[in-house]
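Asker: Spelled out, the chains give:
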Amino acid sequence: MDTPSKKPIPKPLIALAAIVLLFGAATGVKWLKKRGYVSTHGFQTLIGRAPAEVSVLNLGGGRLKLTGTLLDGTEGEKPKTAGMDTEVGEQRSFVGLRPGTYQLKFMDVLANERGSCLLKVEGGGSFDFIASESGIIVIRDGQRPETLAELDIKTSSVCSG
Amino acid sequence: MQRLIIIASVMLLLGAGCQTMNVHNADAAARTVILKIPDRDRLTYATVPAGEDRVELMSGSGVYMVVEPSAAEKDSVDQVRNGLKTLIDASFAAGGMAEAAPIYDRFDAYQALLADLAKDSKIRCSLRIGEDEDGIATIESAESVTCGKRLTPEPKE
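Read top to bottom, the protein sequences are chains F and A.
All letters in the first sequence, in the order written, are residues 1 to 161 by the working numbering.
All letters in the second sequence, in the order written, are residues 1001 to 1157 by the working numbering.
Among the clues, some could well be false.
With a straight-line Cα cutoff of 25 angstroms, these simulated DSS-like cross-link-like pairs (lysine-lysine) come out [as the list claims (entries may be wrong)]: (1) A:Lys-1074 - A:Lys-1119; (2) A:Lys-1149 - F:Lys-34; (3) F:Lys-154 - A:Lys-1085; (4) A:Lys-1085 - F:Lys-65; (5) F:Lys-105 - F:Lys-78.
Covered stretches of chain F, as calculated for chain A (at least 3 residues, CB under 8 angstroms) [to be verified]: (6) 27-40; (7) 125-133; (8) 149-158.
Just so you know, the hints here were simulated from the structure itself, not pulled from any lab data.
Quantities reported herein were computed from a predicted structural model and do not represent experimental measurements.
Yeah, the Cβ is synthetic: ideal placement off N, Cα and C, and Gly gets one too.
Kindly produce the complete structure, drawing on both the sequences and the hints.
Answerer: If you want it as structure tokens, here you go:
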């Protein structure tokens, strides 16, 4: 008995099915995002492309003002500066930092500089700055420094651009 | 190549959302809040003066959490923090070659404590915010935080 020969599925039909599938998946993702079930950040984390974050924990020395300036934006773009005030006892963050070199300046209420850091952000990662009366330290997520010199923003390699 | 195209398509569709979380202190005293940002380990720990608002601009939809720590919880945070501060000050006094590990470990403990409080505290609000939505949390008293959300207004031309 002859078995009926299977006809190959035409390539345009496969392409159409793939497009429909992709469109369906994309619509589904959009729907989930609109309702907060998935987020851009979650997806970026998944593929290792999450933007960097800077967090400041103020443990002493009065109110701390942090300004951050992106020094190497796209050509023709003016350097962008953003600021954030942190009271003693507070911890606040800058999120969504794109790659580039940032000039971070820490100032007291009288605008006296308490420290600065030339921070190079290459990919994601998070940087925690902790301020005390005696100085400011930086901890880069995933790095375990051995000495205070590697934590002190005055001497840390994290702050050398 | 195919995989790249799919990732690029999904990223384009995801776009870049932008939400705010507005914490309003309706109580007569200043209140401390812990704010957990979706998908991130970072937490905001801040004091909102009586009758004032604190607006945190954050990008990303997901589950936000606002916690008003109890007095005991605040004490435990203060203890860990004071320990961290003492360590940092002592290290600066000792000089650049002072060991970094104790500071690193104490900071880890502090972050873990905040994360635990955000998860386990009884006085909290937790809400899922989608794109085009802002979160509003109102601290009624030391015992109560209510939360809701509203549609993000269209940006003006």
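Asker: Which of the numbered hints above does this structure break?
Answerer: Violated hints: none; all satisfied.
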